[in-house]
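Chains as they are written, first to last, in our numbering: chain U, 2 to 117; chain G, -6 to 95; chain Y, 102 to 295.
Source of the hints: derived by calculation from the structure; they are not laboratory data.
Where a beta carbon is used, it is the ideal one built from N, C-alpha and C, also for glycine.
A short list of chain Y residues far from chain U (calculated; beta carbon distances all over 12 Å):
| id | residue |
| --- | --- |
| 1 | ASP157 |
| 2 | GLU275 |
| 3 | ARG283 |
These stretches of chain U come out as covered by chain G in the derived footprint (C-beta under 8 Å, 3 or more residues):
| id | stretch |
| --- | --- |
| 4 | 2 to 9 |
| 5 | 36 to 49 |
These stretches of chain Y come out as covered by chain U in the derived footprint (C-beta under 8 Å, 3 or more residues):
| id | stretch |
| --- | --- |
| 6 | 171 to 185 |
| 7 | 251 to 264 |
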Amino acid sequence: MPNLTPEIVPALVAGGASAKVPDEVPARFKAGDKVMAKNIHPTTHTRLPRYVRGKTGTVVHDHGVFVFNDTNAHNLGTNPQRVYNVRFTAQELWGPGASPKDSVHIDLFDPYIDPV
Amino acid sequence: MNGVHDLGGTHGHGPINPEANEPVFHADWEKRVFALFFGTFAEGMLNVDQFRYAIERMAPAEYLRSSYYEHWLHTYELLLTEKGIITEAELAKKYAELKEAA
Amino acid sequence: MTSDSADVALRVKALESLLVEKKLVDPKALDAVVELYETKIGPHNGAKVIAKAWTDPDYKKRLLENGTAAIAELGFSGVQGEDMLVVENTPDVHNMVVCTLCSCYPWPTLGLPPVWFKAAPYRSRAVIDPRGVLEEFGVTVPAEKEVRVWDSNAELRYLVLPERPPGTEDMSEEELAALVTRDSMIGTGLAKAA
Chain U
2 MPNLTPEIVP
12 ALVAGGASAK
22 VPDEVPARFK
32 AGDKVMAKNI
42 HPTTHTRLPR
52 YVRGKTGTVV
62 HDHGVFVFND
72 TNAHNLGTNP
82 QRVYNVRFTA
92 QELWGPGASP
102 KDSVHIDLFD
112 PYIDPV
Chain G
-6 MNGVHDLGGT
4 HGHGPINPEA
14 NEPVFHADWE
24 KRVFALFFGT
34 FAEGMLNVDQ
44 FRYAIERMAP
54 AEYLRSSYYE
64 HWLHTYELLL
74 TEKGIITEAE
84 LAKKYAELKE
94 AA
Chain Y
102 MTSDSADVAL
112 RVKALESLLV
122 EKKLVDPKAL
132 DAVVELYETK
142 IGPHNGAKVI
152 AKAWTDPDYK
162 KRLLENGTAA
172 IAELGFSGVQ
182 GEDMLVVENT
192 PDVHNMVVCT
202 LCSCYPWPTL
212 GLPPVWFKAA
222 PYRSRAVIDP
232 RGVLEEFGVT
242 VPAEKEVRVW
252 DSNAELRYLV
262 LPERPPGTED
272 MSEEELAALV
282 TRDSMIGTGL
292 AKAA
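Okay, chain U solo, but in the shape it has when bound:
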C-alpha cells in the first residue's frame, strides 16, 4: 500500500518538508561582511549560478542552517551548512554599463563563499 493516501494529502501539503535543520554549525560570516563567490565549476549539482562566481558581494542576512543541496543530490548526506543572503550590485555583476542603483540578492551556502 503506498505511503501517500488521499487522507494524508492535506496534512502532508500543509506540513511540507523544510530543509532547515537544528544542527549547530558556526557562522563564518555576519551581515556587513564582504565575500567573494568562489570560482568553482562542479559537474555535479550546485545551487551556485555562474553569473555570481568570482564576484564580490555583501552579506545581508544569516538564514541559519540548511541541508546542503549540492551533496544531498548525490547521496553524500545532508551535510548541513549555513546559508547567507548576499547582495551584489548590478555593476559588480554586469559591468559599469549596468544600473548604478540596482542589485541582485542571492542565497549562498557557506562553502560557496570566501572572505574578502
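Starting from the known structure of chain U, fit chains G and Y onto it as the hints suggest.
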C-alpha cells in the same frame, strides 16, 4: 553543473509573453506529472535535489525545446529507471500497450 | 511548446499505470493533490497576507521579521513555503523575485507558478535586465529607485509586499485583498489602483 539550465544573464531567449488568465494546468497529463512528485517523494523514491539534478542532465537542446512539465516527466523516467524501481523495458511495453489500445 | 502532446500524454499514462500496478502510487492520492492545487492553494492566499499587513502594523512587523510564522497565522504553510521571507516595496526599493536555475516559487501563498516564471526568457533576463522585464509587464520604475532582484536559488522562498495603493484608507481587508495581484507579489506588477 554548468548546464544550460543555469540561465541567469544569458541572452537571446526572446520575449516573456505572459499568458492572460492562465490555467493552473494546460493538459490532463500535466496534472498527473505534477502530483507524481508527491507520490514518488512520499515513497522515498527521490529527493528534490536528485529531482533537480536529473532535469539538469537533460540534453541542452531538449531542455530548451520542451515544456516545463516535460522536464518533470524526463526526471521520473530517468531517476526511477536509474534506481531500478521500473525498467525501460517495462515502460516501453506499457507505452506500446496503451498506444495499441488508444 | 510540447513536441507531440499525444506522445507525452501516453508516456505519462504509461509511467503512472506502471507505478500503480506495482502498488507504489495510489491514483486517488494524486487526484487529491491536483484538487488542492487547482482549487484551494493560490494567490488569493497571498493577497490576504498582504491586505492584513497593509491594515495591521503589528502584523506587518511580524511578517517582515518572520515571514513563515506570520503567514502561518493566516493558515498558509507547507510545501515550497516552509521557509519564507517577505520583502517590502518602498518608495526607495522595488523588489522582484526569480529562480534563475529552475522554478522555485512560494506555493502556499501564490499557488503554482505561471509558465513564464519557469521559462528561459524571464529566468535569464530578470537578473541582468530587470527594468526591461518590468517594462514588458508595463511597469516603469523611476531611475532613482533601486530594483532589487531576489534569486531564490536555495530553499528560502520570497514574497513581495507591494506598496498599498493611494486612496484606499477606508477599504476593508477584503476589498484590499482584491487589489493585490499575483504579479504584484512576484514583483512583476503593482497592486491595482483603488
